[in-house]
Amino acid sequence: MSSSEYILTTIIFCGITTLLSRVIPFVLLKKFTLPPKLVEFLSFVPIVIMAALWFSNLLIAKPGHLPQLNMQYALASLPTFISAIISKSLLIIVIVGMISLAVLRLI
Amino acid sequence: MDTYLTKKSAIKESIPTIFGYIGISMAFGIIGKASGFSTLEVSLMSLLIYAGSVQLTTLNMLVAGSPIASIVLAAFLVNSRVILMSTTVAGYLKQENLKRNILIGTFLTDESFALGMNKINYTNDRLNFTWFNTVNIVSYITWQVGTLLGAVLGSFITDPKKLGLDFAIVAMFIGLLYLQVIGDKKLNKVLQIIVILISFALTYLLTIILPANLVVIVVTLIGCSLGMVIKHVFF
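Heads up: the sequence lines are chains A and B, in that order. Every letter in the first sequence is one number past the one before it in my numbering, and letter 76, counting from 1, is 76. Basically my numbering = 1-based index in the second sequence + 107.
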């Protein structure tokens, strides 16, 4: 599969996935309710997945060794996190994050 | 916010979300370009996937060359909170016909959901198709315009690393995580922090034994299960 085919196929399947997860509850809800256990499981998904995505970006995998910390990314995470607490705005958080890393690379 | 469920009040009430939307979608466009994707590919992601966190995850995993099946599974997991949102909204639109329900679901986002949940505080727990559909359309158009602007802007940025652009995606995850924790009124804050710390530990441990593209999915499945156990035992 060529690289553009790979990308296009992935986009289409991800599109179908997001469409279905939005629409199916509307169609099904007239007949069923979600099992409470599943609702509870799903309630943890956003924080777990965001934490995993964040932290996996800070780690450099070394086959056969313990993962190394990407120091620049780890340090840039600090001001980014503080800007999140202060601003609560995704746009500002992203801008502060990029500036932090750019400054770290200059030093 | 007013008590009317008209097109006019929907447009008025969705204006504040436009700013947030333009910002995030532009950032996505820039990141997409910086990660080596074409303007067309970046725009297609926004047009077809239309979910910021899923698009970022997809982008990240495509760059890593992950298998399509694992990207789609990750997309489903990242987006699974939308199932909760559409389940909630569907409860308020039972009086509308199925076609209209499907249309609302197709364009439902975090922002239109949040706006809708805010609106019911003013309308005696009522929502309708006209109001919700208008909010959805405004959001969708804003998202597409922002993505395109970002992608075009991204072409002029020759060395994205110098600008720290590669960190934009990580910063976005940090922001989304923080906003999720402070926005979630249902889960206990201490419980959330414990689960986040566990997720960090799991990510570290699983990075040792699993290929990079499987770590996030496995962490999510184990982390959510552990979260449920801890909630029942200690909270």
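If you are wondering where the hints come from, they were derived from the structure by calculation, not from laboratory data. Keep in mind that a hint or two might mislead.
Listed next, the in silico BS3-like pairs over lysine-lysine satisfying Cα-Cα at most 25 Å (straight line) [claimed, not checked]:
{"hint": "1", "chain 1": "B", "residue 1": "K206", "chain 2": "A", "residue 2": "K88"}
{"hint": "2", "chain 1": "B", "residue 1": "K268", "chain 2": "A", "residue 2": "K62"}
{"hint": "3", "chain 1": "A", "residue 1": "K31", "chain 2": "B", "residue 2": "K206"}
Over 10 Å on every C-beta distance to chain B, these chain A residues come out as not near it, computed from the model [to be verified]:
{"hint": "4", "residue": "S2"}
{"hint": "5", "residue": "L53"}
{"hint": "6", "residue": "L59"}
All C-beta atoms, glycine included, are put in the ideal place defined by N, C-alpha and C.
These are the hints, each one checked on the structure:
1. B:K206 to A:K88: violated (36 Å)
2. B:K268 to A:K62: Roughly 23 Å separates the two Cα atoms, so the pair holds.
3. A:K31 to B:K206: Holds. K31 (chain A) to K206 (chain B) sits at ~16 Å (cutoff 25 Å).
4. S2: holds (13 Å)
5. L53: violated (5 Å)
6. L59: Per Cβ check, L59 (chain A) is inside 10 Å of chain B; nearest 5 Å; violated.
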